[in-house]
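J.: Now for the letters of each chain:
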Amino acid sequence: MARKVGKQGALYLGVGPTKVADLFDVTFEANTEMEDVSIKMDAFRKYSPSHGHARIRARRYVNTTAVMLRECYDAAKNGELLAFRVDVIDATNTLSQISGEGWIAASSLALPRGAVVEDFEMTVESEWAVTQPGVD
Amino acid sequence: MAARSALHGRYAEAAIGGVLIVYLTEWEVSANNDVEDITAHGDSFKRFTSLDADWTFRAQGHVVPASAAHYINTYFVNNNFQGEFTLRGYSGTVAGGTLIFEGTGIPTRGTLAAPMGLASQEIEFRGTGAPTVGM
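For the record, the sequence lines run as chains A and B. The numbering used here applies: residue 1 is where the first sequence begins, and numbers increase by one. The numbering used here applies: residue 1001 is where the second sequence begins, and numbers increase by one.
No wet-lab data here; the hints were simulated from the structure. Each hint can be trusted.
Computed, partial: chain B to chain A, Cβ under 7 Å: (1) 1013; (2) 1023; (3) 1024; (4) 1025; (5) 1062; (6) 1118.
A virtual CB, placed ideally from N, CA and C, is assigned to each residue, including glycine.
Here chain B stands alone, though its shape is the one from the complex:
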């Protein structure tokens, strides 16, 4: 029997603004669809209709020692309007892999954590408009 091929996260890079996310360990896209309850009298089951959808992109990674070039420094620019960024996820490398997700998002949340273990960082974007690849 032929071996089954399934994407392992180790082979899935991601990029923000066309640049590989440094020391990336994890990325995730999640989507949500708002629905309106239109159940009427006499219905035995609830009925819904779609309103609009949204999505978020989140990336998490290690922290480079002795460097201030972390995610929140890059994407949360002091006193400036938080711009829109192109977010891309790949099966494979950013340089030569297959694009499996692409969309435009605005940074909404970032963390830089230094617990009694590995330091870690995370950045989250709220998608604006429909993704152009993968959804």
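Excised from the complex, chain A in its bound form:
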């Protein structure tokens, strides 16, 4: 099978779920906090797992509205827990899909001399899962 390119990937948010339009970059990151449990005479550090963390960082071009900014707290105190799904290839469940829930924790709107770009970061709230439902 041919190696995949990211340009066919997609990010879905919300109840629908609804695909985030004009996306050109998305990264899903996950890590586990490790507590140092080293004691006297240990030659090598030892660790015990603590909480898990994950986040999604993405960038999209802006055509009409900066949709992600409105998911951060503002005068209307928007912001809600959103379901998400990251597809390696859009709507293709024979490849990996990552699902969970999260908050848009940060967003920015950039107006350079070139394209107007919206950056945003989602903090994952729930235990996320990566599946290939068309294969598993």
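For chain A, the structure is supplied; the task is to place chain B on it using the hints.
T.: For chain B alone, coordinates are given in the frame of chain A:
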């Protein structure tokens, strides 16, 4: 040039009552000397004289899961007189290292903490009498 050798705390165990302190992460001995101000009229600088000294021993460690055998359970005995314990600190292991501190102390404070991170425990002893090694 030869490498400099300095004791790293990872190689310094400690024992209470001859028993290695379980899951030990840190130990400390601190000493204090009381002085009396004997500054007199005409002195341009303060003058002091020694009265007496005291010391404390503190140990801190991780907590063993699903076990009530923590420090305050071992050394704060319910309704009993808090006895004296021999406290020893080593450069190296309790079994085969070099004794660098020894003294007798009485438990005065203990904690068992379970924050949103690693649980930890601590025990502190007040020294009674002069240490026999290291001071």
